[in-house]
Amino acid sequence: MIQLSSYIESPNQQIDFVPYSFHTIIVDLPFCSVRAHRPYDWSIDELQQLLSLRPLFLALNLDGIYSDQELAIIESTIHDRSLDCVFTAFRIQDPGLSIWIKDRFPNMTIQCNPETGFQNLPAISCLFKSGISLVSLNHEIPYADIQLIQTEYPTNACELFVQGPILIQYSRRRFLSDLYQSDPETPLRFLAQDAECPTRNFTFLNTNFGHFMFAQFHRSLATSHKKLGRLTSFSWLIDARGESDAYRSISFQLYASLASLNDDQINDAQDKLNDCSNKPQKPGFFLSNNTDYDWRDYATPPDSRPIGMVVSARKNDAILLEFFQPMSTSASVVCHNPDNTHGTFSTNQLLTLDLSTPSSIQPFIDYVLAPPLKGIQVKGMLYLKNS
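Residue numbers (my numbering): 84 to 470.
Rather than coming from a laboratory, the hints here were simulated on the basis of the structure.
Some hints here could point you the wrong way.
Stated by the list, open to error - Only pairs whose alpha carbons sit at most 30 Å apart, straight line, appear in this in silico DSS-like list of lysine-lysine:
{"hint": "1", "residue 1": "Lys-309", "residue 2": "Lys-355"}
{"hint": "2", "residue 1": "Lys-310", "residue 2": "Lys-365"}
{"hint": "3", "residue 1": "Lys-365", "residue 2": "Lys-309"}
{"hint": "4", "residue 1": "Lys-468", "residue 2": "Lys-310"}
{"hint": "5", "residue 1": "Lys-310", "residue 2": "Lys-355"}
{"hint": "6", "residue 1": "Lys-398", "residue 2": "Lys-468"}
{"hint": "7", "residue 1": "Lys-398", "residue 2": "Lys-457"}
{"hint": "8", "residue 1": "Lys-462", "residue 2": "Lys-365"}
{"hint": "9", "residue 1": "Lys-355", "residue 2": "Lys-365"}
{"hint": "10", "residue 1": "Lys-310", "residue 2": "Lys-462"}
{"hint": "11", "residue 1": "Lys-468", "residue 2": "Lys-457"}
{"hint": "12", "residue 1": "Lys-398", "residue 2": "Lys-462"}
{"hint": "13", "residue 1": "Lys-212", "residue 2": "Lys-185"}
With the hints as extra help, turn the sequences into a complete structure.
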């Protein structure tokens, strides 16, 4: 059975959670959660009622980058209200917050949802070694790379965001409440169109913690159900905060029963989500992530797939590379550079970071090309020479 994870905004939404199995139910509380669309100050009794839904974890959302003063207020409030006796996990956005949690709340499970930022196998491994129990994969990782990550980690070690809005900008400044001279304690939520692309509707949110801008589309992986069905060792995260009751209900039903639905049923559900949110439903980077090599499309065969990229390259210094898939130690590689030039090398020229010779080339691990070669540029994309 697929285990969903999701946010709950108020007690009256609890009925929508009853029919399904949840890995984590996440709660925003006004004193600590930075992007609640509808802040609700849950009582202890109301929170305890959520335990009847039998999630594996009931998580308090600590999704901000906090000052020492804010952390002191958060700690005292949690103790004063005995919240650490109800919640079984803290969900954080800043991995560094795990140190603070382990010191103040050593028995609390730590979940990390960084949303964006560089993720690879060593980085995720580092998070687990620091005491984090679950890592949400960011929105920029494509399907093939997610599959590689799945092979490395046990069931429910990672979480995949399958449905909901994508945050693309955050500022500690409160632009909207300052503009309208309104109370920052009362969230402001606006829909704004791109003047150059009138069909693009961006959501803006202003809370007492700052200003948030969301993408003009919602991430929705349902139409990629065959690929998604191979990622069932992850819990699947649905974010319906700020959306209608219908949006949340449709999303839960869609993903809980995805394996048994046909294409027409899935498309019908997505059409309903379009109407509910006034946003197109798209997979985003799940199917492809071309942000680093769109400019090479005209020079690269359309059926080619990059096998790696140049992470760092400076004149007369070692070149740092990373591959997206396992490689032999005798493969010939061509580098397509940003200026449309090319360079070639063999993987037998690579060294590990401690300058030893690798016995194999593994994905998402940095390797050194030393001595450095001319014709290899930073952000160059790597292809097999015969491709």
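Each hint, compared with the structure:
1. With a C-alpha separation of about 21 Å, the suggested pair Lys-309 and Lys-355 falls inside the 30 Å cut-off, and the hint holds.
2. Straight-line distance between C-alpha atoms of Lys-310 and Lys-365 comes to about 15 Å, which keeps the hinted pair within the 30 Å bound.
3. The straight-line distance between the Cα atoms of Lys-365 and Lys-309 is roughly 15 Å, inside the 30 Å bound, and the hint therefore holds.
4. Straight-line distance between C-alpha atoms of Lys-468 and Lys-310 comes to about 28 Å, which keeps the hinted pair within the 30 Å bound.
5. The straight-line distance between the Cα atoms of Lys-310 and Lys-355 is roughly 22 Å, inside the 30 Å bound, and the hint therefore holds.
6. Restraint check for Lys-398 and Lys-468: the C-alpha separation of about 24 Å stays at or below 30 Å, so the hint holds.
7. Between Lys-398 and Lys-457, the direct Cα distance comes to roughly 9 Å. Compliance with the 30 Å bound is thereby established for this hinted pair.
8. Between Lys-462 and Lys-365 the alpha-carbon distance is near 27 Å, which keeps this suggested pair within the 30 Å criterion.
9. Annotation: proposed proximity of Lys-355 to Lys-365 holds, straight-line Cα distance about 14 Å (limit 30 Å).
10. Of the supplied pair hints, the one linking Lys-310 and Lys-462 holds, its CA atoms being roughly 28 Å apart against a limit of 30 Å.
11. This hinted pair checks out: Lys-468 and Lys-457 have alpha carbons roughly 17 Å apart, not beyond 30 Å.
12. Only pairs whose Cα atoms come within 30 Å are accepted, and Lys-398 paired with Lys-462 is accepted, the gap being roughly 14 Å.
13. Of the supplied pair hints, the one linking Lys-212 and Lys-185 holds, its CA atoms being roughly 13 Å apart against a limit of 30 Å.
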